[in-house]
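There are 2 protein chains.
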Amino acid sequence: MSPKITTELLKQLRQVMKSPKYVQEPIQAYIVPSGDAHQSEYMAPCDCRRAFISGFDGSAGTAIVTEQHAAMWTDGRYFLQAAHQMDNNWTLMRMGLKDTPTQEDWLVSVLPEGSKVGVDPFIIPADQWKSMSKALRSAGHDLVPVKENLIDTIWTDCPQRPCKPLIPLDLSYTGVSWRDKIVALRSKMAERKVLWFVVTALDEVAWLFNLRGSDVEYNPVFFAYTVVGMNTIRLFIDGDRMMDPAVREHLQLDSTLEPEFKIHVMPYGSILSELQAVGAGLSPKEKVWLSDKASYALTEAIPKAYRYLTLYTPICIAKAVKNASETEGMRRAHIKDAVALCELFNWLEKEVPKGTVTEIIAADKAEEFRSQQKDFVELSFATISSTGPNGAIIHYTPVPETNRTLSVNEIYLLDSGAQYKDGTTDVTRTMHFGTPSAYEKECFTYVLKGHVAVSAAIFPNGTKGHLLDSFARSALWDCGLDYLHGTGHGVGSFLNVHEGPCGISYKTFADEPLEAGMIVSDEPGYYEDGSFGIRIENVVLVIPAETKYNFKNRGSLTFEPLTLVPIQTKMIDVNLLTQKECNWVNSYHQKCREVIGAELERQGRHEALRWLIRETEPLLKVQ
Amino acid sequence: MSPKITTELLKQLRQVMKSPKYVQEPIQAYIVPSGDAHQSEYMAPCDCRRAFISGFDGSAGTAIVTEQHAAMWTDGRYFLQAAHQMDNNWTLMRMGLKDTPTQEDWLVSVLPEGSKVGVDPFIIPADQWKSMSKALRSAGHDLVPVKENLIDTIWTDCPQRPCKPLIPLDLSYTGVSWRDKIVALRSKMAERKVLWFVVTALDEVAWLFNLRGSDVEYNPVFFAYTVVGMNTIRLFIDGDRMMDPAVREHLQLDSTLEPEFKIHVMPYGSILSELQAVGAGLSPKEKVWLSDKASYALTEAIPKAYRYLTLYTPICIAKAVKNASETEGMRRAHIKDAVALCELFNWLEKEVPKGTVTEIIAADKAEEFRSQQKDFVELSFATISSTGPNGAIIHYTPVPETNRTLSVNEIYLLDSGAQYKDGTTDVTRTMHFGTPSAYEKECFTYVLKGHVAVSAAIFPNGTKGHLLDSFARSALWDCGLDYLHGTGHGVGSFLNVHEGPCGISYKTFADEPLEAGMIVSDEPGYYEDGSFGIRIENVVLVIPAETKYNFKNRGSLTFEPLTLVPIQTKMIDVNLLTQKECNWVNSYHQKCREVIGAELERQGRHEALRWLIRETEPLLKVQ
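If you read the protein sequences in the order shown, they are chains A and B. Per the UniProt record's numbering, residue 1 is the first one in the first sequence, and the count goes up by one each step. Per the UniProt record's numbering, residue 1 is the first one in the second sequence, and the count goes up by one each step.
Simulated from the structure, these hints should not be mistaken for laboratory data. Among the hints, a few may not be true.
Over 10 angstroms on every C-beta distance to chain A, these chain B residues come out as not near it, computed from the model [claimed, not checked]:
1. Gln39
2. Pro45
3. Met95
4. Pro168
5. Lys188
6. Asp375
7. Ile393
8. Pro460
9. Ser470
10. Arg473
11. Leu481
12. Asn550
The calculated lysine-lysine pairs, modelled on DSS-like cross-linking and capped at a C-alpha distance of 25 angstroms, are [unchecked claim]:
13. A:Lys621 <-> B:Lys580
14. A:Lys285 <-> B:Lys130
15. B:Lys621 <-> A:Lys621
16. B:Lys164 <-> B:Lys134
17. A:Lys580 <-> B:Lys285
18. B:Lys98 <-> A:Lys193
19. A:Lys304 <-> B:Lys134
20. B:Lys285 <-> A:Lys134
Being a predicted model, the structure only gives us computed values, none of them experimental. Positions of the beta carbon are idealized from the N, C-alpha and C atoms, including for glycine.
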């Protein structure tokens, strides 16, 4: 990796920062956050502006360029990568270290008195604008919105915003029509006494209309906004994709509909002016509902007194609770995914000892097996295929510079998943293709105990996921071990592999209570820097639990694993398991054998079936 | 209980609400919160203004009186009591029910346009003022501070503010001199770049000066404020108690001291004017540190730009971590407390079958046995002595109207504690003096499993207590049971039995991380409305834990029970315990037998000793 030379680019940026063509008054600093106008986790190439200006392309980072300085804030995962990818024009601000200033403090320390700091109001969320603006103002500076993105003005070969065809999903996948979703949304709006709802997150637009896209890698979404009124629906979207007859029929664009279900298709870029028009026409007590995370530009389009902001939108909450069709789809997707992984692990077992399989080859092979399955669309995230010390890098993905060969002497960790038309998968298995050491087995078994503790937990209806996080750590804690990430995240249904508003993490307090139909991951781990990484991840469905009693009639919940891939018994120290844990593993493996075995049989994959049978032999615990 | 007749009082209050003697302009509503000027949990009688005006004397409630209405907001614990204690002049606002308006919404709905709402600025915390004031302003009303408390103007027989003698604590109790505490506080102030620190919580003043008082029942504190500068100390306190030679010597009031340790004693009532003088004399960048919870009056004395507000003060955090002398004191106090309880339970065992022991008699007997112990000062809270259905009322204390006779047919729950000069205790035991049913034993055993799960938990240094809360519930959850309160609270050292900033509760997220030397309670329970209550509570000390490994060199923590009172084995269904849990109970009882047995022996309490020996027989678990 050689750093990107940015001298010329920074010169150009500093010129436009003073150009009356783009700014009313010269600005003394320009902020380039990661992130697009929808606060997406994954970016389209045209939105990777921070990577363009700096060379640093990690998933998290904020660049700030002043007349004299260029500085990049990023977290511990990316210190090394950022240092390699950026040239000497840049100062790396290592977040989390004691002496690293915040962006606000740094700006105050370097700016001349009464400076203006610019930012694209479409990229910065309203809540971040608020705190940044307050801090700057109290030091005598101003945060100002710069309408045209200044990076775009100097990015001559900027890729076009993707505008790929849409995939309409019929009722057999979604369970609920978009009309019914609009009706439900309007009823939530009526409850809160709001007249308008602005949909800004891409997965919320996709979910609402039962449409999918491929504008962004891994997330089957498309660039669009929606504004839903009590009697109108406006969909802001570009390109000729709305000419597709299947899409037109799906959205009933050419039918005679009741006016309140008529979708008005408008250009993507007209959202701001349309919203401003809505804002200007409001009477007292008429409110517009927006997410807390919507961009400053859209939030400002609505006068403050008319805004109704919430952390989670009603779509986010409805989307998290999967209906029967979605749940069945997720089950099917996970069965296919398990077939692909049985094939992969059977193949790896034969090939790894030859010394020819690298992390990249293994990842590609996993994708190949997945792509053979029905309704496969794409991967759901960049495959983490890591062996030995690479396994300890929690957000690792193999690149040629780091690519390591799998061997019979090292632990292999594979965290991967796919998008199928019927569901989204995300599974981690940790395998040894030789003989694991007693210590490796010990650590693996603690992680397994944590995984089982969450998966088998019974808890009252309405419990928030963060209250389950410690169950995953208890066995590790007993021995002085731990892992530095959350235990689980929400998973979309043929949508984003990471979705809110539920999850299992000690870091959050604002998660929504778990309820039946929600789907989360259960993925404790243990990482030993420089030697190995262990993680065991299933996607699990929240289901009602039968209990002996029923306090206050609240009802109880538990989890059903959707992921059905054997957990390598070779890595388990059975003596460390309780009988209950041992029974859990055996009945899990029994289910893998039955369900995945039948599908392998049906697909005629006999070698993988034999592998599955062998890997699901019951554990024997000596009493 | 007959309601208090408040017609005349309300008439008088409404008169003073318009009297130019007290208000610049007439006010249309007056808020009477619970609470004193220090945000204390327990009130002196002179501060029970809300009880005086309404008759309702529960621990939580806010009264608002307008020209036409009088309304009382309280929570589910007190719906019945408030309804009984208040006459028809009052409307009960049942908080937590869907149709109950907030105080702000109610005020807006009943007030004429442009009203003024008054409140005593010393009683309302600054953060509550802020939100209330904002809500009223946005509806066109004003929240105004009324200097003189209007209840006091009509409360002709208002008791005097207590002004009892002070108890100086020497180094053998406190471990650190008040001078060293001042030095440590100033170093924290220097770290945060503040010049002044205002101590408003009574237990913080008491802790800082190693003094105790008895102005408030149960909490050994005294009415005072303190303002610490980098070179000055001002103590605001009334009465001739500063004439006591022991106090003068303790505070070195008559010694020649370096000026920065010279304590300037000033009248309690002069805090506001002194603080205003401090505020007026500040130069830019000079800050004054106050708690978020300090009163609006004191917070306003400091211009906004000069305020430095935090949720927890440095004194609150330092006070929570007990030093070796305090820990030793707490151990001694708990040994004495256990002696008293062994005597009590031995006595109850003999007396209950006679049918002559009521809840009140049992509570009095507990106090009698405690008062026989060295350095006993008073109880640390109102004893919860409850049998049968009364046990299910979580905040029950027996009064003649509810007083029930203990019997061999009902579960008895005793939650009690005391203040000794060397420490504060708080212990709950649940006993059966006949034969418990299988169901009662089952529930008790789940609660015990939860108690042990927390007490024996090992967790990384820096873990927040709320992450341990689910451990206490897991066994109950497995059977569909739960309890609707937190699992533990911080405990002071001869100070408040409930103290921040640590605890074990699902309800909070802002607790400070646990560290060695902190002391909390571990008190899961189970309550069956109308039939029984179960709770098992020990006070436990956070101590370092030895673990096999040590991830990232963080170190681990666990708990050591300070409470050493047998847990009734008759109530335990041994078959429901794991071997590990069984071992925990046996080794806990072994320690009770050794430590408390030796003290009973020393005190010549042979009958109680025989009771202890019998009650600490090891459980036998059939493998």
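Each hint tested on the structure:
Look at glutamine 39 (chain B): its CB is around 23 angstroms from the nearest CB on chain A, clear of 10 angstroms, so calling it non-interface holds up. Annotated as non-interface, proline 45 (chain B) keeps its C-beta farther than 10 angstroms from every C-beta of chain A; the closest such distance is 37 angstroms. Methionine 95 (chain B), annotated as away from the interface, keeps every beta carbon of chain A farther than 10 angstroms; the closest lies near 19 angstroms. No Cβ of chain A approaches the Cβ of proline 168 (chain B) within 10 angstroms, the least distance being about 40 angstroms, so the stated non-interface status holds.
Residue placement check: lysine 188 (chain B) keeps its beta carbon more than 10 angstroms from all beta carbons of chain A (closest about 17 angstroms). For aspartate 375 (chain B), the shortest C-beta to C-beta distance to chain A comes to about 38 angstroms, beyond the 10 angstroms cut-off, and the non-interface label holds. Every beta carbon of chain A lies more than 10 angstroms from that of isoleucine 393 (chain B), the smallest distance being close to 15 angstroms; the non-interface claim holds. For proline 460 (chain B), the shortest C-beta to C-beta distance to chain A comes to about 5 angstroms, within the 10 angstroms cut-off, and the non-interface label is violated.
With a least beta-carbon separation of about 5 angstroms from chain A, serine 470 (chain B) fails to lie farther than 10 angstroms from that chain, contradicting its non-interface assignment. Chain A draws arginine 473 (chain B) into its interface by the beta-carbon criterion, the shortest separation being 8 angstroms against a cut-off of 10 angstroms. Non-interface call for leucine 481 (chain B) relative to chain A: violated, since the shortest CB-CB distance, roughly 5 angstroms, does not exceed 10 angstroms. Residue placement check: asparagine 550 (chain B) does not keep its beta carbon more than 10 angstroms from all beta carbons of chain A (closest about 5 angstroms).
Straight-line distance between C-alpha atoms of lysine 621 (chain A) and lysine 580 (chain B) comes to about 18 angstroms, which keeps the hinted pair within the 25 angstroms bound. A hinted pair counts as satisfied when its Cα atoms are at most 25 angstroms apart, and lysine 285 (chain A) with lysine 130 (chain B) qualifies at roughly 23 angstroms. The suggested pairing of lysine 621 (chain B) with lysine 621 (chain A) holds, with an alpha-carbon distance near 21 angstroms, which does not exceed 25 angstroms. Under the criterion of a C-alpha separation no larger than 25 angstroms, the hint pairing lysine 164 (chain B) with lysine 134 (chain B) is inconsistent with the structure, at around 40 angstroms.
With a C-alpha separation of about 61 angstroms, the suggested pairing of lysine 580 (chain A) with lysine 285 (chain B) is violated against the 25 angstroms cut-off. With a C-alpha separation of about 17 angstroms, the suggested pairing of lysine 98 (chain B) with lysine 193 (chain A) holds against the 25 angstroms cut-off. Between lysine 304 (chain A) and lysine 134 (chain B) the alpha-carbon distance is near 15 angstroms, which keeps this suggested pair within the 25 angstroms criterion. The hinted pair formed by lysine 285 (chain B) and lysine 134 (chain A) meets the criterion: a straight-line CA distance of about 18 angstroms does not exceed 25 angstroms.
Checked against the numbered hints given earlier, the structure breaks hints 8, 9, 10, 11, 12, 16, 17 and satisfies all the rest.
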